[in-house]
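**Q** Here is how the chains run, residue by residue.
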Amino acid sequence: DARVTQTPRDKVTEMGQEVTMRCQPILGHNTVFWYRQTMKQGLELLAYFRNRAPLDDSGMPKDRFSAEMPDATLATLKIQPSEPRDSAVYFCASALFGGTYEQYFGPGTRLTVT
Amino acid sequence: SQQGEEDPQALSIQEGENATMNCSYKTSINNLQWYRQNSGRGLVHLILIRSNEREKHSGRLRVTLDTSKKSSSLLITASRAADTASYFCATDVSGGSEKLVFGKGTKLTVNP
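Residue numbers (this note's numbering), protein chains in the order written: chain A, 1 to 114; chain B, 115 to 226.
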């Protein structure tokens, strides 16, 4: 049963600390998305990659956020330094471009910055 | 900014009743998708309808699309307690169908 995995599932950290979230997309999917979900803003697209190359990171605060795909099986989202307003659930999703456009979501990382 | 806006924000019904959720969007689309999110979980794709389609069925789900009104509806028939979840519509951004913009969702509660 192919699925997107994310680690950690929960993260509590203090303001100013670095946070790294990891995602393993479904094998064979060539497009990876990072979303952030809050009650106030809903689900926002932060960045996405195709074939490991960043296509759009316009939704991401550039000064503190960075997203990479070191290889086809790993996507990372890093926040440095973290702030309380970064508290949210971060989702990774993967899809097969040229396929059905259906996105498969991971379980999310719940980040709390105190 | 949000492309899709769901209505109502919350809906509470009894098991066995039908649930209808609506979505309105602002710009032209290639397709519209509906997703479900159970509490504390990731989103799950339910159904996709293309801009040249008017209605689509999948099991107990029926989706309609009216591009002239820029609106879609999701009907869940014979609802079950397990259908309790939030439902989101997502539209593609012009220029590429893989990038989606999600609405804020309708929270559906089905009471046993």
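No wet-lab data here; the hints were simulated from the structure.
Honestly, I wouldn't trust all of these hints.
[To be verified] To spell it out: a stretch of chain A is covered by chain B in this simulated footprint if at least three of its residues, at any positions, have a beta carbon under 8 Å from a beta carbon of chain B; those stretches are:
no., segment
1, 19–28
2, 73–81
[Said to hold, decoys possible] A short list of chain A residues far from chain B (calculated; beta carbon distances all over 10 Å):
no., residue
3, D56
4, M60
5, S87
6, T100
A virtual CB, placed ideally from N, CA and C, is assigned to each residue, including glycine.
**Q** Please go over all the hints and tell whether each is borne out by the structure.
**A** Structure-based check of each hint:
| no. | hint | in the structure |
| --- | --- | --- |
| 1 | 19–28 | violated (count 0) |
| 2 | 73–81 | violated (count 0) |
| 3 | D56 | violated, 7 Å |
| 4 | M60 | holds, 14 Å |
| 5 | S87 | holds, 16 Å |
| 6 | T100 | violated, 7 Å |
Comparing the model with each numbered hint stated earlier shows that hints 1, 2, 3, 6 do not hold.
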